[in-house]
Amino acid sequence: LNDLQVFELEPERYELIEAPKYRFEPDRREFLKTLGAGILIVSLIDRVEAQRRGNQSAPQDIGSWLHIGNTGKVTVFTGKAEVGQNARTSLTQAVAEELGAPAAAVELVMADTERVPYDMGTFGSMTTPRMAPQLRRAAAAARKMFPAGDWASLKFDRGDGELRAASIDADLKPNTPLGQSVPKVNGHAFVTGGHKYTSDMQVPGMLYGRMIRPEQYGAAIQSFDATDAEKLPGVKAVRDGNFAGVVATGTSAAAHAAKACKVEWKAVDESRSSSDSIYADLKAGAKIEMRQDLEDALAASKQKIERTYTVAYIAHVPLEPRAAVAQWSDSGKLTVWTGTQVPFGVRDELAGAFGLKPVDVRVVVPDTGSGYGGKHSGECAVEAARLAKAAGKPVKLVWTREEEFMWAYFRPAGVIDVRSGIDEAGRLTAWDFHNYNSGGSAIQTPYDVPVKRAEFHNAKSPLRQGSYRGLAATANHFAREVHMDELARLAKIDPLEFRLKNTSDPRLKAVLVAAAEKFGWSKSKGAIGIAGGFEKGGYVACCAEVAPAREAGKPPKIVRLVEAFECGAVVNPEHLKMQIEGGMVMGLGGALFEAVEFAGGRLLNGRLSKYRVPRFRDIPSIEAVLVDRKDLPSMGAGETPIVGVAPAIANAVFAATGERLRALPLFKSQGSGSRREAETN
Amino acid sequence: MARVMLLVNGASRGVEAGPETPLLEVLREQLDLTGTKYGCGEGQCGACTVQIDGTAVRSCVIKAASVTGREITTVEGLCAPDGKLHPLQQAFLDAGSFQCGFCTSGMILSGAALLKRHPHPSDEQILDAMQGNICRCGMFLRVKEALLRAVRV
Chain Z
1 LNDLQVFELE
11 PERYELIEAP
21 KYRFEPDRRE
31 FLKTLGAGIL
41 IVSLIDRVEA
51 QRRGNQSAPQ
61 DIGSWLHIGN
71 TGKVTVFTGK
81 AEVGQNARTS
91 LTQAVAEELG
101 APAAAVELVM
111 ADTERVPYDM
121 GTFGSMTTPR
131 MAPQLRRAAA
141 AARKMFPAGD
151 WASLKFDRGD
161 GELRAASIDA
171 DLKPNTPLGQ
181 SVPKVNGHAF
191 VTGGHKYTSD
201 MQVPGMLYGR
211 MIRPEQYGAA
221 IQSFDATDAE
231 KLPGVKAVRD
241 GNFAGVVATG
251 TSAAAHAAKA
261 CKVEWKAVDE
271 SRSSSDSIYA
281 DLKAGAKIEM
291 RQDLEDALAA
301 SKQKIERTYT
311 VAYIAHVPLE
321 PRAAVAQWSD
331 SGKLTVWTGT
341 QVPFGVRDEL
351 AGAFGLKPVD
361 VRVVVPDTGS
371 GYGGKHSGEC
381 AVEAARLAKA
391 AGKPVKLVWT
401 REEEFMWAYF
411 RPAGVIDVRS
421 GIDEAGRLTA
431 WDFHNYNSGG
441 SAIQTPYDVP
451 VKRAEFHNAK
461 SPLRQGSYRG
471 LAATANHFAR
481 EVHMDELARL
491 AKIDPLEFRL
501 KNTSDPRLKA
511 VLVAAAEKFG
521 WSKSKGAIGI
531 AGGFEKGGYV
541 ACCAEVAPAR
551 EAGKPPKIVR
561 LVEAFECGAV
571 VNPEHLKMQI
581 EGGMVMGLGG
591 ALFEAVEFAG
601 GRLLNGRLSK
611 YRVPRFRDIP
621 SIEAVLVDRK
631 DLPSMGAGET
641 PIVGVAPAIA
651 NAVFAATGER
661 LRALPLFKSQ
671 GSGSRREAET
681 N
Chain A
682 MARVMLLVNG
692 ASRGVEAGPE
702 TPLLEVLREQ
712 LDLTGTKYGC
722 GEGQCGACTV
732 QIDGTAVRSC
742 VIKAASVTGR
752 EITTVEGLCA
762 PDGKLHPLQQ
772 AFLDAGSFQC
782 GFCTSGMILS
792 GAALLKRHPH
802 PSDEQILDAM
812 QGNICRCGMF
822 LRVKEALLRA
832 VRV
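Residue numbers (this note's numbering), protein chains in the order written: chain Z, 1 to 681; chain A, 682 to 834.
Pulled out of the complex, with its shape left as it was, chain Z reads as follows:
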């Protein structure tokens, strides 16, 4: 009945299950106030209220999802957040299509915990396959009540456009998207600087916060002296356990005040793990069970190989760092505006940290400067709220880029061991695949193998880790698709043909062929590589061409990428292409040069002058090929397009140089890739 709640969390979403960082002790006065409110609370709550209080099933009354005003304005309520993936546009489009109303009449209220039905979060590529049909069903149910069944029949000027709330018929099938490109809603505000992100907000009386942090993970405050800092005008310092921060009248003033605080930190058990030792560390203590059928199948294979692949920790680097504006009301209610992909989770995190009831906390997410899976946690919101509580005024806290690197979480590093065998005809005979730490997403091979095993092994990570666009599908596809290339070479079969020969999945074959045709695979004389796969309802295939570097020892140049993608019926072709292109470019960073370096509990490259992300000169020719399956439900596209890039490039590099690269990133990079004279151009 309700597919919004049926979602199993992948094991690598570590950030969603970790223990809260802060849990402040309420003082006695507040404690009594909390108790009093509890006793006086009236138990009469409507269904939407029940939603907000933790009943997490999706409401089936139209009114929870949309409201049609008597002026002709349609307001839609959804817990999804806009982080650049164009959900605001695609959901507006879905409702407008279903109502037969102009898109301009539809306005979305997104990710405001006081106004929208509960939502688990904007992750897992769920907006298109789940939220869009939900809103379509609500809109279709509303349309059935229109006097003549269409939008034009509503007479708004006479005020009789009011419709009675009714239930959504569970059998109501949403329409197939029309597959039209519509421009981004509110695009004008983004090109004129008018859109207010959280970090741009100002509320009356607001102060600016700055946290005081150790240089090393796990360090504890030994002594804290804010005497000098609090002599500065308008400065207040806060220390609560290992929480330390200041508020001041501006960003520089706050930074200055934070420096003026004298803090001694005590290191806690210095970690011996480093970016050099990490892969051995992650495998330490892991046990693999012997399986006789696998051993037999491997032994009987014509050829067999055993290889190890690694992926580094990488950072999301959302261009807008974590930011929050926190405001307490006189009655002790808390409102926080913050850029998160999980507004209800952050609401509960705030409630937990301050001993509040979730109904007394409101989290609002302004359209946000990207997330990529990196903004599932509410630490910045909690910190801003703690500072605001101490200051008695609203506080804005914007993490510095260095804080975003060090105190957010990373995509997990991982080791993947693969053993496999093929027969005389180049067909897979055995497959044994073990992923240590990076995760279980897309761990199952889409190829046909008679005897196989794929296992994810938990490990103790020295760094905080969590979700990242595509989760471990990137690591698992990298290992699998490079390994498939190694097998193809061993079998002396063209890598495309080898894949087609080893899968009976028509959708995987279709994208492989679509990418190869557009790319000119069979006619190409260049150094080329291919990779394919499947995850989160989307099929992907990527072809890459590289050219050897002009200087020896330098990485080859990526000349072009062609990627075919199929995620069922296409909703908005332009925005789908943007998601594919964006995922591919992001994938380039992790493929070519992104890696977090650390040692002794410290980050060694946690700033943009040291951590390299893709820039203009890194971008090859990129082409996205849409495979539109109108007969299949629409699935999300924010994640899966990222997974094909790294293995396709690694395989093309092998074709170019004969060197088999089995570690991500494929190349080491120094510096940021920007020019030194960055101040002016």
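Just so you know, the hints here were simulated from the structure itself, not pulled from any lab data. Treat the hints with care, since some could be wrong.
Said to hold, decoys possible - Within a straight-line C-alpha distance of at most 16 Å, the following computed EDC-like cross-link-like pairs (lysine to aspartate or glutamate) qualify: (1) Z/Lys554 <-> Z/Glu659; (2) Z/Lys196 <-> A/Asp713; (3) Z/Lys492 <-> Z/Asp423; (4) A/Lys765 <-> A/Asp775; (5) Z/Lys357 <-> Z/Glu114; (6) A/Lys825 <-> Z/Asp618; (7) A/Lys825 <-> Z/Glu623; (8) Z/Lys610 <-> A/Glu723; (9) Z/Lys259 <-> A/Glu701; (10) Z/Lys452 <-> Z/Asp296; (11) Z/Lys196 <-> A/Glu757; (12) Z/Lys302 <-> Z/Asp423; (13) A/Lys825 <-> A/Asp809.
Please arrange chain A on chain Z, whose structure you already have, making use of the hints.
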């Protein structure tokens, strides 16, 4: 802190700034010109790009007090007085050159400075001018497409 007069988007504006206060901070916190973004604080990402006397500059590493009397243009000042978008702003909309939009102001300011200097830029000139602007959503090729569209206007 001292009173500093700045010429921003054609108007003279008084702000409070110490010798170290970045231009970015006074634009955002005192003049509410928040189209200019903080992204890294070390001139690496380009989100804070403004124009000073027509040249693209990273406002996070320029001190406010150092640019008195010079012509500062932010994304809010790029439209014509009648509200008509700058050709590059329009081209960003037409070419779909952004997703989350956080890099957009900086991209447009860098790009507009380039077009002022080179009305018909070569590929190499585009790469040179834009290498310091990061788009994490990966819309680089569409930004380039917007630049080429703006050239044709």
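Check each numbered hint from earlier against the structure, then list the numbers of those it violates in ascending order. none
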